[in-house]
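Chains as they are written, first to last, in our numbering: chain A, 1 to 202; chain B, 203 to 377.
Please keep in mind that the hints were generated in silico from the structure rather than gathered at the bench.
Among the hints, erroneous ones may be present.
[Unchecked claim] Pairwise CB distance ranges, derived in the manner of DEER restraints:
| no. | chain 1 | residue 1 | chain 2 | residue 2 | range |
| --- | --- | --- | --- | --- | --- |
| 1 | B | 215 | A | 99 | 18 to 24 angstroms |
| 2 | B | 328 | A | 6 | 36 to 42 angstroms |
| 3 | B | 227 | A | 124 | 53 to 59 angstroms |
| 4 | B | 328 | A | 120 | 45 to 51 angstroms |
| 5 | B | 327 | A | 127 | 37 to 43 angstroms |
| 6 | B | 359 | A | 120 | 40 to 46 angstroms |
| 7 | B | 355 | A | 6 | 35 to 41 angstroms |
| 8 | A | 123 | B | 355 | 45 to 51 angstroms |
Please read all numbers here as calculations on a predicted model, not as lab measurements.
Using N, Cα and C, we set each Cβ at its ideal position, and we do this for glycine too.
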Amino acid sequence: MTLFQQGGPMMWPLLAVSVASLAVMAERFVVFTTTSFPKGDTLASVLDMARQGRKGEALSRVEETAPFFTEFFSALLADGSARQCEEHAQLAGEEALFGLSRRLDFLATAATAAPLMGLLGTVMGMISAFSRLASSGNVDITMLAGGIWQALLTTAAGLGIAIPSLLAHRWFRRQHEKTAFAMQRTAALLLDNTMPGPGPKP
Amino acid sequence: MTRSPVLTACIVFSLCAHFLLVHAKWTSTPTQGGEQILVPADFDVASLPAGDSLSLGQAAQPGSNSENGEKAQANRRRQALRQYVTNVRKAIEQRKFQPDRHGLEDLIGKASYAFTIGPDSAFSNIRLTRTSGTPRLDRTALLAIRAASGMVERPKIIGSAPLHITVTVKYQYSL
Chain A
1 MTLFQQGGPM MWPLLAVSVA SLAVMAERFV VFTTTSFPKG DTLASVLDMA
51 RQGRKGEALS RVEETAPFFT EFFSALLADG SARQCEEHAQ LAGEEALFGL
101 SRRLDFLATA ATAAPLMGLL GTVMGMISAF SRLASSGNVD ITMLAGGIWQ
151 ALLTTAAGLG IAIPSLLAHR WFRRQHEKTA FAMQRTAALL LDNTMPGPGP
201 KP
Chain B
203 MTRSPVLTAC IVFSLCAHFL LVHAKWTSTP TQGGEQILVP ADFDVASLPA
253 GDSLSLGQAA QPGSNSENGE KAQANRRRQA LRQYVTNVRK AIEQRKFQPD
303 RHGLEDLIGK ASYAFTIGPD SAFSNIRLTR TSGTPRLDRT ALLAIRAASG
353 MVERPKIIGS APLHITVTVK YQYSL
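Kindly produce the complete structure, drawing on both the sequences and the hints.
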């Protein structure tokens with residue numbers, strides 16, 4: 001009998017949460033590692049091209065290096081007033097950030113709910129162990145210990161799901177914040193350097 | 203690869219990982235070093251009769267051994283183990299005053315010792331776990347344990363793994 005079978009019926013919902021959490025963690029990891037905001041030399045070259053009026057080249061460079069943020073740069077480098085560009089860039093940026101933060105709420109929920117589900121499984125297991133003990137009339141310490149350690153399996157499983165989910169959620173949130181900051185900073189630089197006349201700063 | 207195939211691939215990966223995890227044999231295996239048996243060896247308590255279960259002194263249910271072969275075997279082993287521990291306890295009790303009773307009648311107190319019983323029934327690694335506060339009593343109890351070493355033969359059913367046992371030797375008015 002495996003540990004999963006010994007854990008009792010509460011292991012099934014925990015398994016479902018665990019499968020979903022791992023899938024979301026893996027998917028978000030792929031997304032965050034493949035859609036990084038342009039930085040360093042790439043961003044400097046894009047800014048230079050935009051400053052020199054070579055907006056088409058700048059956009060091509062963005063498409064090559066960070067296609068996920070093409071719409072954001074297109075909005076910033078579009079023809080029009082600074083205010084219009086800013087508004088469009090804000091919309092495109094929010095859309096990109098929303099795409100990055102997709103399913104992160106699920107991870108936060110799993111990190112909170114999994115230990116509680118595990119605890120519920122433990123309480124159910126303890127109730128079962130003690131009721132069996134009470135009905136048997138034979139106080140066998142090994143029977144009690146067996147019931148308790150099996151009941152504790154669900155708590156361990158819940159914590160096993162919650163800890164990686166929490167760590168992953170924090171890391172993804174941090175990456176999301178860093179991307180938002182980089183976008184804001186880039187927008188300010190581009191609008192200040194490429195737009196004629198004084199424009200409102202974001 | 204667009205977002206949807208990535209998510210599908212991640213779900214498949216997660217399912218495979220969990221399938222392996224769930225079907226892994228994570229059952230606890232008995233340690234090669236033997237079992238930890240804690241014997242609350244208050245020698246005032248009468249030893250339990252042979253055939254008693256490990257049910258904290260309550261009588262075994264008749265016919266409980268016939269539930270299934272494995273369970274019955276485990277139950278027999280536990281009974282043999284308990285009986286063996288009781289006999290070891292008796293052997294120490296009988297040799298409590300070493301080298302003789304003379305001059306040891308005034309000892310009062312309890313000393314706890316832990317030791318390991320090897321396959322040859324000999325005691326080893328004898329160490330004091332709780333002193334009585336009286337060095338003479340501790341020493342006398344140690345001599346009693348040494349004297350009882352190898353006196354009780356281990357039943358074959360309990361195997362040859364070393365047994366780690368804690369006993370408390372009690373002295374009270376030369377009893």
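Here is how each hint holds up against the structure:
1. One distance hint, 18 to 24 angstroms for the beta-carbon pair residue 215 (chain B) and residue 99 (chain A), holds here, with the actual separation near 21 angstroms.
2. At roughly 37 angstroms, the beta carbons of residue 328 (chain B) and residue 6 (chain A) sit within the given window of 36 to 42 angstroms.
3. Between residue 227 (chain B) and residue 124 (chain A) the C-beta distance comes to about 25 angstroms, which lies outside the given range of 53 to 59 angstroms.
4. Taken as a hint, the range 45 to 51 angstroms holds for the pair residue 328 (chain B) and residue 120 (chain A), whose Cβ atoms sit roughly 47 angstroms apart.
5. For the pair residue 327 (chain B) and residue 127 (chain A), the supplied restraint of 37 to 43 angstroms holds, since their beta-carbon distance comes to about 41 angstroms.
6. Taking the beta carbon of each, residue 359 (chain B) and residue 120 (chain A) are about 41 angstroms apart, inside 40 to 46 angstroms as hinted.
7. Taken as a hint, the range 35 to 41 angstroms holds for the pair residue 355 (chain B) and residue 6 (chain A), whose Cβ atoms sit roughly 37 angstroms apart.
8. Remark: the range hint 45 to 51 angstroms for residue 123 (chain A) to residue 355 (chain B) is upheld by a beta-carbon distance near 46 angstroms.
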